[in-house]
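**Student:** Quick note, the sequences are listed as chains A and B, same order. Per the working numbering, residue 77 is the first one in the first sequence, and the count goes up by one each step. Per the working numbering, residue 591 is the first one in the second sequence, and the count goes up by one each step.
The hints are simulated quantities; they were obtained by calculation from the structure and are not laboratory data. Being a predicted model, the structure only gives us computed values, none of them experimental. Hints are not guaranteed to be accurate.
Here are the computed lysine-lysine pairs in the DSS-like style, where the Cα-Cα straight-line distance is at most 30 angstroms [unchecked claim]:
id: 1; chain 1: B; residue 1: K766; chain 2: A; residue 2: K339
id: 2; chain 1: A; residue 1: K187; chain 2: A; residue 2: K221
id: 3; chain 1: B; residue 1: K862; chain 2: A; residue 2: K272
id: 4; chain 1: B; residue 1: K717; chain 2: B; residue 2: K766
id: 5; chain 1: A; residue 1: K272; chain 2: A; residue 2: K179
id: 6; chain 1: B; residue 1: K700; chain 2: A; residue 2: K95
id: 7; chain 1: B; residue 1: K700; chain 2: B; residue 2: K674
id: 8; chain 1: A; residue 1: K187; chain 2: A; residue 2: K154
id: 9; chain 1: B; residue 1: K700; chain 2: B; residue 2: K717
id: 10; chain 1: A; residue 1: K179; chain 2: A; residue 2: K154
id: 11; chain 1: A; residue 1: K272; chain 2: A; residue 2: K199
id: 12; chain 1: A; residue 1: K339; chain 2: B; residue 2: K717
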Amino acid sequence: MSQVLLDVRDLVVEFPTRKGLVQAVSGVTFELRRGETLALVGESGCGKSTTARAVMQLPRPTSGQIVLDGDDLVAAGKRDLRRLRRRFQMIFQNPIASLNPRKRISEIIEKPLKIAGLMDAEKRRQAVEELLETVGLDPAVAMDKRPHEFSGGQCQRISIARALILEPDLLICDEPVSALDVSIQAQILNLLEDMKQRYDLTMLFISHDLAVVRNVADRVAVMYLGRFCEVGTSESLFDSPAHPYTRALLSAIPVPDPTVTPKPIEMIQGDLPSPISPPSGCRFRTRCPVASERCAAEVPEMRDLPDGRAVACHHPLVGA
Amino acid sequence: MAAPLLELTNVSTHFHSPAGRVRAVDGVSVSLEAGQTLGLVGESGSGKSVLARTIMGLLPSYAEIPEGSAITFDGQNLLTMDRKARRAISGPGIGMIFQDPMTSLNPVMKIGQQVYEGMRHHFGTSKAAGRQRAIELLTEVGIPQPDVRIDQFPHQLSGGMRQRVAIAIALACEPKLLIADEPTTALDVTVQSGILDLLQREQRDRGMTLILITHDLGVVAGRCDQVAVMYAGGIVETGSTRSLFARTRMRYTQALLDSIPRLDRPPHERLKSIGGRPPNLITPPPGCRFAPRCAFSDAQCESAIPPMQADEADATHSFACWHPRDPEQTAEEVA
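Chain B with its partners taken away, still in its complex shape (with noise of 0.2 angstroms):
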């Protein structure tokens, strides 16, 4: 087996504050072979984006990564890297699409210019040959009059035609491994079907990693091979997208994937909920983070923290979980 293109072991992001350490990535691991596609899935505050910037070093001065921490990318430590070496690697080793295509884009600048600023400065490539290429690009998202888009300003743009901009500018490097952070949430369903139709064939096409950052259980379904579960800092359950979805092992998981409203369930039926809300992370519960909000847990979830086990039937599945589900069980006969 090929050795995986990025491999975090025990990853770790703390922030200071006043109130004290936020552990807002606590002990993460997760390995990703190229050309896969992995879905982080969380609530806000679970730690995926905070996670995402870890990667990418674009972390705040008052973000310190604990000792311990590794993030190794086609076999370089992007942890003991010196800044410069690091800079290389952002844009042709791993390229970033951000949630907000309003605030992500230079407003004062054209967007062609944004588009083959990471060229000219990556590959020294010529003014006239990067507005070739940028136009190729624009052509490849999907922006109608490519020609004439490219010398306009980002206001002029919609919000799906700012976030294929966004896409055409990570691609413009041809990066091993993109990051997309919530790339569809600021838009409406009917346009985010097309950008996540976008992100899958250029990653299929390119042979590209992705990464692809949501909350919403129903992206990740469609479009990812492996799943990761986050919540409270830490991964809680990860696996190939069907193991994860038909053999759910862990309590959170299951408990996410319950309260989603679905379109073939009657109306006004009652949704299960989670009680009660994520912990904080400044002193975050000792044992199971979940433990004070899930049903099945005891003295041990709430004094031990679970470690990661695989499951029995698919070794590639793990979870977090002292009272893990059983699998074999459906829903019909918890209820």
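One chain only, chain A, in its complex shape (with noise of 0.2 angstroms):
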């Protein structure tokens, strides 16, 4: 088995709110090995997005061990930790927001490494210059430009740039093409999947959307309410869902085919329940097809199935 390079143990992210304490994120744990990419997907609210920004210590989470290649994150000091950022780096979803409007490009790609302190700035300036190559931008017209210059899918590509300048080893995406149209996705997907293996990079993709998951992932962890329901190689998770909701998510996407009649979702309909005060035992219960009174008394443990993936589940579809 290869290594692993980011190691996440009971990892909590609360935020205090005039209703009380939420907790988007409730002790989630996972593995990443060199080379993979792991997705993470769920609903809006779900706690994707924190636990991205959990691991990329914005904001430092309430408690939780998140190790990268034998350093602890949230242990870390500041200067540490300053050190440590070279080696992971983030892209988010708004290409255009994520770019500071009144720098020009140059100075956007180049500006961590000036934060490391690496190279002079005409060494800088080549690698800026090359990257910008990579990323499929032609540099001579991009380089003196700002951001609102570019379209969306471009301000993406920059974004790329900007993250891979330090030759990170671990790329944190969250949802990096949910703003796109159809046509650039698909650039956007292809330029990081070349990323991948032109850096060596391991990948954290955070997405709502299934197919584009389906595409992109080694191994997918389904998310509900700040917990994780099912975690496995993409290949059993959307063949055979084993978790009742991986299963619901499944059934609500749209096929592109029209001798396809749309089945009904194999949910309780209804509103995702209060973070403040979610259900007792396991999450799902309320909006789940097969829950029973276990559900509600006991908190499902996470458990491996014999093909390999783990599952939080009572009454799980396949392996029971």
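Both chains are given apart, each in its own frame, so use the hints to dock them into the complex.
**Tutor:** Encoded structure:
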């Protein structure tokens, strides 16, 4: 088995609100092996972005361990963290808003190098030019422009360049194609795949779009209300979901084929329960079609199935 | 054959901007029979929302509809009507639902009032009767505890519930035509299917005509009778849903279908992306607007605009392309 790059244990992220403490992430544990892409999927408010941001230490999590190649990021002091940040970078959902509108593209991309104190001005310029070329933009045209002169897809290419200039080990992508049109989305997904090969990247990929996830991920983790429901290889999870919530998500995807009649979604309709007072036991039980009394009384622990995936359900749909 | 409920003939909508005239919608012709569902598909900036707003008469003051455009709804030309007559049509004639249920509802007006406001305006319904009808409508669109919700404000509801309220508002005046502009784009997939099911059910039960605007070909495939694909302000292909998907002719439609990641494909498969990006609509390319991004374009495509032509096998299916795809050819043969 390949080496573990990122090891996240019992991650908890809490936010104070007027109505009380919200636990956005409630004890999440996962590993990311070198060179693999793990996707976190779930509906809005499930804690997937919060988990990604907690790995980035933006903000720092309430408790838990996040170990990147031997260094615990949660325990690291400010100075150590700044040094370690070179090794994990992030791209965001809204590519235009994530770039400083007042800076030139060359300044935006070279900034991480400056902060890290690497290279002289001439070398930095050269590095920026090379990387712009790599992400598919013409440096001669792009270098001196500002973000508003580019389309959403081009801005996402610039964000990718900024994230890659320090040659990180881990790239966290938070809904990187959700704001883009289908035709542009495919360009960016292909670019990410190319960059992954070229820079030996390990990726944590956040998305609500399961078809996108199917394309990019080696393994998938499904989240619901701050907890993991199911983690497994993308084949096992898509071909035979073990958690009723995974099945519900899959059944909700519209298929671009008129011969397929849309099926009713296999989940009880209703709103996501409040994360301030989540349901007792299994958090999905209020919308789960197979919930029993046990689901209300007992929190289902993550357990391994024979095919190597893990599921947190008292009544899994496979391998019971 | 009955006359179509809605007929658009050579409709254009241009915007005046400091940089010049933006041809947001340019020469669109399409017709829709009563009781049908039309899926209007396109990427951002293709003009689908502007077209919807043109039909509704909701354009800003800097918009211009050039001479020669005609929108006939139920036998009347909407573009030559005075404001008052036009206003009488919005509601009982044509209703609309917008993309963002957060901003399309009035935040300082109770939900019930928003539902019956239109009925009071158009039919002079009494407050008590309007309230009663609002409760019925909220029940119909699947809002639990409608008698409580009716006195709440939009911020007290989730996004999916707000969109249901927006549907109830649009249905209150019993419109003949309902235009739903990206009604589920701001919502989660699990909520999306519920909203689409609701729209489909209402359309069927009321015999309503529906225009469903979306960027998602998946949404269109299972739920529309007819599809129109827009690119850079014009309709490039239209036809029955089955024929359009099974016998795709226009190269852009095919490229769009190919670029969607699919659940039945293996992981890490390279997606067939479309290079470049949509053209500037102030100075659009002289020929086919898709030509600069099309793998099959030649000199003719770059100089002459392709006319709409009918598919050989299905006269209701038409497309604008100089080098249409051979519908008998399978994807494997191309590759």
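**Student:** All the hints need checking, so say for each whether the structure fits it.
**Tutor:** Quick rundown of the hints versus the structure:
Using a Cα cut-off of 30 angstroms, the hinted pair K766(B) and K339(A) holds, with the two alpha carbons roughly 27 angstroms apart. Distance hint between K187(A) and K221(A) is fulfilled; the C-alpha atoms sit about 15 angstroms from each other, no more than 30 angstroms. In summary, the hint linking K862(B) to K272(A) is supported, as the alpha carbons are separated by about 18 angstroms, within the 30 angstroms threshold. The hinted pair formed by K717(B) and K766(B) meets the criterion: a straight-line CA distance of about 24 angstroms does not exceed 30 angstroms.
A distance of roughly 27 angstroms separates the Cα atoms of K272(A) and K179(A); the hinted pair therefore holds under the 30 angstroms criterion. Between K700(B) and K95(A) the alpha-carbon distance is near 23 angstroms, which keeps this suggested pair within the 30 angstroms criterion. As the CA atoms of K700(B) and K674(B) are separated by approximately 27 angstroms, the hinted pair is consistent with the 30 angstroms bound. Simply put, K187(A) and K154(A) have alpha-carbon atoms about 19 angstroms apart, close enough for the 30 angstroms limit, and the pair holds.
Pair hint K700(B) plus K717(B) holds up; C-alpha atoms about 13 angstroms apart against a cutoff of 30 angstroms. Between K179(A) and K154(A), the direct Cα distance comes to roughly 26 angstroms. Compliance with the 30 angstroms bound is thereby established for this hinted pair. Restraint check for K272(A) and K199(A): satisfied, since their Cα atoms lie roughly 24 angstroms apart, inside the 30 angstroms limit. Straight-line distance between C-alpha atoms of K339(A) and K717(B) comes to about 40 angstroms, which puts the hinted pair past the 30 angstroms bound.
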